[in-house]
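**Q** Letter by letter, the chains look like this.
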Amino acid sequence: MHNIVPAGENAILIYFGNKIDATLPEKIGNFANQLKDTLSDVVIDVIPSYTSLHVSYDLNKINFQTFFNKVETLLDQQDSGNSVVEIQTTHIPIYYGAEVGLDLERLLAEKNLDLKSFIEIHTSQAYLIYAIGFSPVFAFLGEVDQRIQIPRLATPRIKIPAGSVGIAESQTAIYPADSAGGWNIVGRTSLDLSLNNPENVDKFRVGDQVKFYSITRDEYFKNGGLL
Amino acid sequence: MSFKVIKSGFLSTVQDYGRLTHGEHGMNQSGVMDEHAYAWGNHLLNNHFNDAVVEITFGGLQLEAQTDTFIAVTGADLDFKINDKSAQMWHGLQVNKGDVLSWGNPKSGVRAYLAIKEGFDTPVLFDSRSVNLREHIGSKLVKGDVLPCKEFNQATYRFIPPQYIPNYNQDIVLRILPTYQFNEFSINQRDLFFNQDYTITNANDRTGCRLSGAPISIKKERMISEGISYGCVEIATDGLPIILLKDAPSIGGYPKIGTVFSLDLAKLAQRQPNTKLRFELMNIHEAQKQRKKFNQFFEIGFNTVS
Chain D
-12 MHNIVPAGEN AILIYFGNKI DATLPEKIGN FANQLKDTLS DVVIDVIPSY
38 TSLHVSYDLN KINFQTFFNK VETLLDQQDS GNSVVEIQTT HIPIYYGAEV
88 GLDLERLLAE KNLDLKSFIE IHTSQAYLIY AIGFSPVFAF LGEVDQRIQI
138 PRLATPRIKI PAGSVGIAES QTAIYPADSA GGWNIVGRTS LDLSLNNPEN
188 VDKFRVGDQV KFYSITRDEY FKNGGLL
Chain W
6 MSFKVIKSGF LSTVQDYGRL THGEHGMNQS GVMDEHAYAW GNHLLNNHFN
56 DAVVEITFGG LQLEAQTDTF IAVTGADLDF KINDKSAQMW HGLQVNKGDV
106 LSWGNPKSGV RAYLAIKEGF DTPVLFDSRS VNLREHIGSK LVKGDVLPCK
156 EFNQATYRFI PPQYIPNYNQ DIVLRILPTY QFNEFSINQR DLFFNQDYTI
206 TNANDRTGCR LSGAPISIKK ERMISEGISY GCVEIATDGL PIILLKDAPS
256 IGGYPKIGTV FSLDLAKLAQ RQPNTKLRFE LMNIHEAQKQ RKKFNQFFEI
306 GFNTVS
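So the sequences go chain by chain: D and W.
For the first sequence, the numbering used here assigns the number -12 to the initial residue and increments by one for each residue that follows.
For the second sequence, the numbering used here assigns the number 6 to the initial residue and increments by one for each residue that follows.
Isolated chain D (complex conformation) (with noise of 0.2 angstroms):
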């Protein structure tokens, strides 16, 4: 089932669902692949992002009618057909500390967990990209297990250095670049995930899967990590 409006004078928003499932990210990426190839001439841009996706086009080319009505025969072809787009899964390094990781004392206490366990818990599984936005290269990863899920700050912090590693309620994601924000900071990757280096552009697609693994402060200093 598919539900298409217009979102501006040369835009438009489909929604592949009501609500958030697994299932949707892989089926939104794949098909604004499919879309960028098929329509390349008209297509500028697309944002997808947990159960829609955004579709800019060059309304000097095409109108809003003509390109609804391509875009839904595409839809309907897309529903007798099986996707061939391989899941990609990118692993980072995360120092989990007190001295990084500026909520993680906190969190163990309200959760009652040591620090080992919950490494494990948020180590253990392939997080699936829902959604990049916010920022350039911050991909909004899902489902964190219900044993470390915790609301955001009431207040958000003016400052999170680069490569934070965040959670929010069910969700949780890396801080590319040093910015404002609201989530529970529990460790910090060595990777330089900012836009410093260009090719971190597209380092996450929607659809496809991200899995942390632990470092001791030692490697994370050695691999480049700042304090």
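Simulated from the structure, these hints should not be mistaken for laboratory data.
Mixed in with the good hints, there may be bad ones.
[To be verified] Per the computed footprint, the stretches of chain W lying under chain D, defined by three or more beta-carbons under 8 angstroms from a beta-carbon of chain D, are: (1) 7 to 14; (2) 25 to 36; (3) 132 to 141; (4) 229 to 239; (5) 246 to 259.
[Stated by the list, open to error] Keeping only pairs whose Cα atoms sit at most 16 angstroms apart, straight-line, the calculated EDC-like set for lysine to aspartate or glutamate is: (6) 297/W <-> 45/D; (7) 23/D <-> 59/D; (8) 298/W <-> 45/D; (9) 48/D <-> 304/W; (10) 294/W <-> 45/D.
Built from N, CA and C at the ideal position, the CB exists for glycine as well.
Given the coordinates of chain D, assemble chain W onto it according to the supplied hints.
**A** Just chain W, lined up with the frame of chain D:
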């Protein structure tokens, strides 16, 4: 071959038409806030539609020409002077090496545009020269910065019919397309939205413009985040509208009642806080017709995905 920044002013950044193909990577659109003034600036100089300009917000900028070239200043009247003498706006002008260009306090409007023959040649980052402070792409102009450009001793201008030079002191009507969750707002909520004068608040920048007025009561507080269009109007939890602009995040999770027509957003970009505005429904066919006409006149095209 360049311009040198003598005084930085309040907020001056290099912008072009924007970074249109990286929403997929979580980047916002960026680009000039007033597409009307920008398009005319480049048009007057026979430039490409996407050539980079300096967007000068509230004035205070001073530049020294290190080369001979041609410029056009459009948009807000920020008391533009060359060598301390008032200089003509909305018109191609020759500048010579050593000339000092300055902008003072706003007389009318908010943002002025300095277009230069063949554009400023600053670095292209992710397919655009637009500076995006929120996402740490480029930085605002500071004293001592050098803006590379080409040297020209000859140029032909185009002229602007006077009726296309806007008056930025009038209250405005923003035409809005019924998009996103429009149909989920009740008749009463829509009536309240369309039948009142809103006021532009101080929370008004490149990211968005927050309005004050009579709040709409809304049930749903947050929804699942979805892709954002330039100009879409979120109704925040306080029931008041926020118009999302060029530096808004690529996704967002408030209900949206519609999307403002792009050429009306150009007018909004020149309004000071406390200006009154109203919304009026527009249908998408009319919006596309008008925008297409604008694009054709200014030869605006797109690099669609490759």
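**Q** Against this structure, judge whether each hint is valid.
**A** So, going through the hints one by one against the coordinates:
By the rule of at least three residues with a Cβ nearer than 8 angstroms to a Cβ of chain D, the coverage given for the segment 7 to 14 of chain W is violated, with 0 such residues. With 8 residues bearing a CB less than 8 angstroms from a CB of chain D, the segment 25 to 36 of chain W meets the requirement of three and the coverage assertion stands. Beta-carbon proximity to chain D at under 8 angstroms applies to 3 residues in the segment 132 to 141 of chain W; the threshold of 3 is reached and the given coverage holds. Using a Cβ-Cβ cut-off of 8 angstroms, 9 residues of the segment 229 to 239 of chain W lie near chain D, which meets the minimum of three, so the contact claim holds.
Coverage of the segment 246 to 259 of chain W by chain D holds. Counting CB-CB distances below 8 angstroms, 3 residues qualify, and the rule asks for three or more. For the hint pairing residue 297/W with residue 45/D, the CA-to-CA distance comes to about 10 angstroms; that is within 16 angstroms, so the pair holds. A hinted pair counts as satisfied when its Cα atoms are at most 16 angstroms apart, and residue 23/D with residue 59/D qualifies at roughly 14 angstroms. Distance hint between residue 298/W and residue 45/D is fulfilled; the C-alpha atoms sit about 13 angstroms from each other, no more than 16 angstroms.
For a cut-off of 16 angstroms, the pair hint linking residue 48/D to residue 304/W stands: about 13 angstroms separates their Cα positions. At most 16 angstroms may separate the alpha-carbon atoms for a hinted pair to count; residue 294/W and residue 45/D meet this at roughly 13 angstroms.
Hint 1 alone, counting from the list given before, is not met by this structure.
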